[in-house]
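Residue numbers (our numbering), protein chains in the order written: chain A, 1469 to 1844; chain B, 1469 to 1844.
Treat the hints loosely; a few may be bogus.
Note that the list lumps identical chains together, so a pair holds whenever it fits in one copy or between two copies.
Derived DSSO-like pairs: lysine-lysine, alpha-carbon spacing no greater than 27 Å straight-line [to be verified]:
id	residue 1	residue 2
1	1661	1759
2	1604	1778
3	1734	1547
4	1511	1697
5	1511	1778
6	1633	1567
7	1661	1778
8	1567	1778
If you're looking for bench data, these hints aren't it; they were derived computationally from the structure.
2 protein chains.
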Amino acid sequence: MHFNCSKEDLVYGVQTVSRAVSNKNTKPILSGIHLVAENNALKLTATDSEIAIQCTIEVEVIEEGSSVVPGRYFIEMVKRLPSGIINLKSSVREGMIIKYEQSEQFINGFSDEEFPSLPEIKNQITGSMPQNQFKKMVKQTSIAASNDESRPLFTGTLVEITGDKIIMVTTDSHRLALKEEFWSNSSPVIENKISVIIPTKTMVEVSRIIPDETEPLIMIGGSNQFLFKTSNITVFTRLIEGQYPSYTQVVPDPSKCTSRIRVKTKKLLEAIERASLLVRDELKEKYSLVKLSVDDNILEINSNSPELGKIHEELNVFLEGEPTEIIFNSHYLMDALKSIDEEEIYIDLTGSLSPGIIRSVENDKYIYLILPVRNT
Amino acid sequence: MHFNCSKEDLVYGVQTVSRAVSNKNTKPILSGIHLVAENNALKLTATDSEIAIQCTIEVEVIEEGSSVVPGRYFIEMVKRLPSGIINLKSSVREGMIIKYEQSEQFINGFSDEEFPSLPEIKNQITGSMPQNQFKKMVKQTSIAASNDESRPLFTGTLVEITGDKIIMVTTDSHRLALKEEFWSNSSPVIENKISVIIPTKTMVEVSRIIPDETEPLIMIGGSNQFLFKTSNITVFTRLIEGQYPSYTQVVPDPSKCTSRIRVKTKKLLEAIERASLLVRDELKEKYSLVKLSVDDNILEINSNSPELGKIHEELNVFLEGEPTEIIFNSHYLMDALKSIDEEEIYIDLTGSLSPGIIRSVENDKYIYLILPVRNT
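If we strip away everything but chain A, and leave its shape as in the complex, we get (with noise of 0.2 Å):
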C-alpha cells in the first residue's frame, strides 16, 4: 500500500472512525484502524464489539494494498502533521512510513489479516431521513435513556419503523422521550416494519459525525445488525436484545390533562437551574427536587435546602385549566429543556400525582414525559 493525501483529509477519517477504536485490551487488533487504499480511495475502518465505523477520503493511490496501524496513536499523531501532503507506505515489516516535509516516521502495525471482517446484514427494511432531522432526534431522545449498563433494555433506544413513519422512544422508567419523524421508505416491500432497540450510544455517535445537512441518512434494518450510511459514512451496530416496554399505555392522551401551561422555554430552564443549584452537590437524587405550582398565570418555582437556603422563582405563563402544584426531579426537567429549541413549551399536567409531560408549543412530534415525585 502507497498513497498520497491531505493532512485534512487524512485527520477527518481517523477522527470520524476513532470513536469505534476499541480501548479494551482484551483483542489488540480491534485497537487498530484498518487501511484499505483503492481506486484512489482510503477505506478507513474501526471496530469494538458493538459498533463499526467506516470511512472514505479521496487519495492518490501509487500502489493498493492494506494495513492496520495503532488507532489512538495514529489519531493523536496524524492530527498533529504539518499541512500539506502526506505520503503513506506499508513498509515489509508490518507498519507504515509516513513521509512529510523533510521528515519521516516508521510506525509499527498489525497484520491485516487478523482485522475483522464486517458482518453481512440480513435486510428487512431500507430508507432514509435528512441528516439534520436525525440529529435532532437522537437530540431530544438520547437525555431519557439510562446509563446504567445492568439494565441494558434501557441503554437502548427503541427504533420503530411502519410505512413513511419513523418512532424512537428511550426511557430510563423515571421519565421517557418519545419522537416521530417522516421515514422515506425505500425497502422492496413498502409493509416491512420493523422494531429494534439500538444502543443509545451508537445513536449519539451517528448523529456527532454525521454533518448538520439535509443531505439523507440511509438506514438499513436487519433481525440482527442495523447500519447507518451516508455518501462516505458507513456505521454498523449491534442491537440490544429483549422485549422493550410498550411505551403507549404510558404516554396519557394529552387532551385529557387538567392543566395546560404555555411558558418560555429558556426563562424556565433558567429559573430551573438556579433552584437545582441549591441541591447540586448532595449525592442523594431526592434532593435535587423542585416544585412547581401554578395559579393566576404565574408558575412559582421552589426549592429549599437545610444548609444553603431557598429560592422562590415566579414565572408569567398562560394557564388553562385548573391551577395545580408537582414536584419534579430537577434534572429530568433541565435535560428536557435543553432538548428543545422552539421558544415555547407545554406542560401538561393531570394533578400532582400524575406524569408531567413536555412537548413544544410549534411542534407535536415530541413527548417527554417525567414522573412525580410524591411529596413526603
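Start from chain A and add chain B according to the hints.
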C-alpha cells in the same frame, strides 16, 4: 447591608476573588466571601492561608454594612442570575436575600465577625510595571517551577528587585527560567533591594486576574508579605521561607557556547510534539527523550519507542559553531517553546553534557536553561 448592582459587575467581582476561596474544611469561614458595602462600592474579599484577593466593584448602596456568603455556591448562583439589576440585602438571620425580576432567594451566611482581617504589610519596597509585561514574565517563568509540595522552595518564584530592575527565577532542578525587566521604583529609599520567594501559584493567579493592559501593576514588598495592586484589585500573598539556590553560577555565559542554533520556534515545537507523542503514554520520564543533532544547517530530531515506532524529523536551521548532539526531556523543551511568542529562537549548546540555553532571537531578557540527559 443593602445594595443594587448589575449582574455582570457582580459576576466579575466574585470570579476575581474566587481562587482565594478555601476548599478546605478546617476553617469553614474561609470558604466564604466577605462582602462590605460602603461609599457606593462593594468590596469582596476571599482568603485561604496562602493568598487573599480583594476586588471592588461599583454598586448603589442603600444601606452600608457587611456580610459573609458561602463562596462556591454564591459564585455559581450569581453566574446563573438573569442579566440586569440584582438587589442584595443582609437578613436579620445571618444570610442574604437576593432579589431579581419577580424572584427571590435566601442564602445562609456566616457571622462576618469571624472573617479574618488581612495582615499588615511591613513595606520595604514599592513600585510598578505594566500589567501585560508582568503577565508575560509569569507566563515564561512559571513553567519551570516545581509542583512538588515536599520541596516548597522549588514551587516558588524568586523575585529580586534592585533599583529599576526586576528579575524572576524559577527552577525545578532540571531546568531554570529567568526573566529580567525594567521596574518603576517608587520606594522612599530608591536603593532598597528585595529578594523574596513568592508561591508560583500566586504569580499565576495574579497574572490571570489582571487585564492584559499597559496600566501599572503596583507591587509592594515586605519581609513577611507581598502585595499586588491594580485600581480595583488587591492580592496579598504569603512568602516561602528559605534560601533560594544561587542561579548566577548555574547560568553559563552565552558568548562561550560552542554551537548556536537559530531555528523557527513554531516549526521546532511541532516537530518536538510529534517526537514526544511516541513516548507520551509511558509513565517513566526517561522515555520522553528526544535527541537533537545539528550539522550543516540541518537540525535532526529523533525519538523512538520499541513499542510504537520511531520518528526522524529534519528542520532547516542556521548553525554558528560546531556540529553537536544532545538529548533532552521533550516536555521541558515544549514548555519553553510554548512560552516564547517570538518567531525565532537560539539554542545555545556546549557539547552534549552541558546545559542547553533557549533564548528568543529578538529579546535577550529571557533565558531558559535545560539540563541534558546522558546517553545511556
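Okay, the hints, checked on the actual structure:
1. 1661 - 1759: neither (42 Å within a copy, 63 Å between copies)
2. 1604 - 1778: Neither way: residue 1604 and residue 1778 sit 36 Å apart in one copy and 44 Å across, limit 27 Å.
3. 1734 - 1547: between (37 Å within a copy, 15 Å between copies)
4. 1511 - 1697: within (14 Å within a copy, 59 Å between copies)
5. 1511 - 1778: between (58 Å within a copy, 25 Å between copies)
6. 1633 - 1567: neither (50 Å within a copy, 49 Å between copies)
7. 1661 - 1778: neither (52 Å within a copy, 54 Å between copies)
8. 1567 - 1778: between (63 Å within a copy, 12 Å between copies)
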